[in-house]
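Protein sequence lines correspond, in order, to chains G and X.
The number in the working numbering is simply the position in the first sequence, starting from 1, with 406 added.
The number in the working numbering is simply the position in the second sequence, starting from 1, with 2 added.
Treat the hints with care, since some could be wrong.
[Claimed, not checked] Under 10 angstroms between C-beta atoms, here's a sample of chain X residues computed to sit facing chain G:
hint, residue
1, Pro6
2, Lys11
3, Ile96
4, Tyr127
5, Asn245
[Unchecked claim] Distance windows between CB atoms, simulated:
hint, chain 1, residue 1, chain 2, residue 2, range
6, X, Asp201, G, Gly671, 42 to 48 angstroms
7, G, Pro546, X, Glu140, 48 to 54 angstroms
8, X, Leu19, G, Leu526, 17 to 23 angstroms
9, X, Leu215, G, Val664, 40 to 46 angstroms
Quick caveat, the hints were computed from the structure, so don't treat them as lab data.
Here a beta-carbon is modelled for each residue, glycine too, at the ideal position from N, C-alpha and C.
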Amino acid sequence: MSVVGNLVANPWRKHRFLAVFTWVYIVWAIVPVVIAIGFSFNAGRSRSVWQGFSLEWWIGNPDLSVLHDPTLASSIRQSLILAVATMAIATPIGVALALGLARWRGRGSGSANFLMLLPLVTPEIVLATGIFFTLVFLYPFPDPGTVGQIVGHVTWSIPYVVVVLRGRIFSVGADLEEAAMDLGAPPLDALRRVLLPVLAPAVFAAFTIVFALSIDDFVTSQFLATDVNTQTVPMLIYSSGRTAPNPALNATATLMLVISLAAIGVGLGGMRVLAKRQGVQAEGADVANIRL
Amino acid sequence: MLYPRGFWKWASTPGVLWLILLFVVPFYAIVSMAGGTLDPATGLAVPQWNPAYWDRASFHYVFEQLAAADGVYRVVFLRTLRYVFTAVALCVLIGYPVAYYVSRLRGRLRGIVLALLVLPFWISYLMRMLAWVGLLNEEGLVNRVLTGIGVLQDPYPWLEGKGITVILGLAYGYVPFFILPLFAALDRLQQSFLEAAWDLGGSSLSTFVRVTLPLSKNGILAGVAIIMLPMFGDFYTAYLLSNGRSSTAMIGNSIQSLLQETTFGYAQARGAALVTVLALFVSVLTLYYIVSTARSTREATRT
Numbered sequence: 407m408s409v410v411g412n413l414v415a416n417p418w419r420k421h422r423f424l425a426v427f428t429w430v431y432i433v434w435a436i437v438p439v440v441i442a443i444g445f446s447f448n449a450g451r452s453r454s455v456w457q458g459f460s461l462e463w464w465i466g467n468p469d470l471s472v473l474h475d476p477t478l479a480s481s482i483r484q485s486l487i488l489a490v491a492t493m494a495i496a497t498p499i500g501v502a503l504a505l506g507l508a509r510w511r512g513r514g515s516g517s518a519n520f521l522m523l524l525p526l527v528t529p530e531i532v533l534a535t536g537i538f539f540t541l542v543f544l545y546p547f548p549d550p551g552t553v554g555q556i557v558g559h560v561t562w563s564i565p566y567v568v569v570v571l572r573g574r575i576f577s578v579g580a581d582l583e584e585a586a587m588d589l590g591a592p593p594l595d596a597l598r599r600v601l602l603p604v605l606a607p608a609v610f611a612a613f614t615i616v617f618a619l620s621i622d623d624f625v626t627s628q629f630l631a632t633d634v635n636t637q638t639v640p641m642l643i644y645s646s647g648r649t650a651p652n653p654a655l656n657a658t659a660t661l662m663l664v665i666s667l668a669a670i671g672v673g674l675g676g677m678r679v680l681a682k683r684q685g686v687q688a689e690g691a692d693v694a695n696i697r698l
Numbered sequence: 003m004l005y006p007r008g009f010w011k012w013a014s015t016p017g018v019l020w021l022i023l024l025f026v027v028p029f030y031a032i033v034s035m036a037g038g039t040l041d042p043a044t045g046l047a048v049p050q051w052n053p054a055y056w057d058r059a060s061f062h063y064v065f066e067q068l069a070a071a072d073g074v075y076r077v078v079f080l081r082t083l084r085y086v087f088t089a090v091a092l093c094v095l096i097g098y099p100v101a102y103y104v105s106r107l108r109g110r111l112r113g114i115v116l117a118l119l120v121l122p123f124w125i126s127y128l129m130r131m132l133a134w135v136g137l138l139n140e141e142g143l144v145n146r147v148l149t150g151i152g153v154l155q156d157p158y159p160w161l162e163g164k165g166i167t168v169i170l171g172l173a174y175g176y177v178p179f180f181i182l183p184l185f186a187a188l189d190r191l192q193q194s195f196l197e198a199a200w201d202l203g204g205s206s207l208s209t210f211v212r213v214t215l216p217l218s219k220n221g222i223l224a225g226v227a228i229i230m231l232p233m234f235g236d237f238y239t240a241y242l243l244s245n246g247r248s249s250t251a252m253i254g255n256s257i258q259s260l261l262q263e264t265t266f267g268y269a270q271a272r273g274a275a276l277v278t279v280l281a282l283f284v285s286v287l288t289l290y291y292i293v294s295t296a297r298s299t300r301e302a303t304r305t
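Based on the provided sequences and hints, a complete structural model is requested.
Structural data, given as structure tokens:
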């Protein structure tokens, strides 16, 4: 009897080997990042050899620390601007599209559904190249820059919003709105006061996912950037990750990570509160599954 | 429903319009750029929007370099295939046991392990690569441990254009994205199926090969598709983990450097032609994925 087969197939067996394997995997997946965070507190200039604890690269150094180097601060600001703007634009468009696609039964709805899914299976480098050429040569844009980056982020975010919302829209069905309309509510009131509140947790999830995707994005930001003012944190890591002279880069990346984890925490928390108010399960697992 | 006529169509319009103007049109822009001609004023390629006037020189060049035995893009493309397939295989070997284990877990531990598996999603990919740059440096932790325990005599130059580093980096970067869709599929696999196979006298191996594996086929395919598509366009992993050496350049690196080139007139047109080739190649993979999942879903519902 094969060892592997025995380990995975017997349905009552405790999977001890698999448990060890999984925990080793988790350590491998997370510990390197924890070490990189640790080196942001290194006293020396090395990002590989520990020379004692200090806040030199966070606040201490008058020129090179996160607090004092304007390039680092600017990249964090740019990442946040893109994430907030993308979230604010892509979510409403995506929610409307999800509702529309779920209920519009006419000519063109099939193609619209298909079109919506395509960005999900297109490598980002292809999408970014196309948007770059379009903005530079076809649409009257002086330079892609920040606006171009936002446009790019929104384009691949819309399908994610639709996918997150769609499941919820189908499970809610049309009964609640029909009841509201039977009770005399005009259609738009039924939409605004009945359907949208029921969808609120999913909308919140969409906000969170779009924010997190945008803040971590590299390819689109890089292809549509124009100058140093449009540099985001991932771009900063790309351009100086191999050669960075000191751990201020690690500190910047850490700060960005803290900001995005905090935002995601707020998002998940808000979702749970909204869901609990309606007495439905929070959709944390859905959020996890969607982020692909 | 009492909504006004055409209401839902109008609700879809902004999204559909956005995707037409900024997704469909850009695809056309790539092909137009690949068929572009030189602007006499700047000496740089500009898109040719009219298909009748497309210049085939850039496509011709790219195909030539892909077909010739020692063509630049042939070498890079074959290397990309090698790296991607090896890294995907590693992802499956690492990801399957993890996804299987978590899908069989119940109770409190399950939530904790799931949260830990999801955590890398929320960490920027570039930051995760940066972490390895620090670890794999000449005097980094990996070299110090390996020389300390005597596996290596001298520090190994991991970051100086080594294929193994890029492959491991790709596997490290993408495996979380493989595990979750597979977990979703394995989670739906009912424990009673496995118990039935066991009760009917199936050995562990035959239960796994004849029940578990076929039932997780769609999950594996979904996971592979999800990681393979972006891997083919990846240029940052190879760049960060090999000091930008050309010995480990992938097709994404070729595209990236062509598009940034502003001194040679046809560079961007050739870059666009290469992007077109990549997009076609990837869409063949996507089609295969769609067809095979449709087929196995059909088989699953028939039996």
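Okay, the hints, checked on the actual structure:
no.	hint	result
1	Pro6	holds (7 angstroms)
2	Lys11	holds (5 angstroms)
3	Ile96	holds (6 angstroms)
4	Tyr127	holds (7 angstroms)
5	Asn245	holds (6 angstroms)
6	X:Asp201 <-> G:Gly671: 42 to 48 angstroms	holds (45 angstroms)
7	G:Pro546 <-> X:Glu140: 48 to 54 angstroms	holds (50 angstroms)
8	X:Leu19 <-> G:Leu526: 17 to 23 angstroms	holds (19 angstroms)
9	X:Leu215 <-> G:Val664: 40 to 46 angstroms	holds (41 angstroms)
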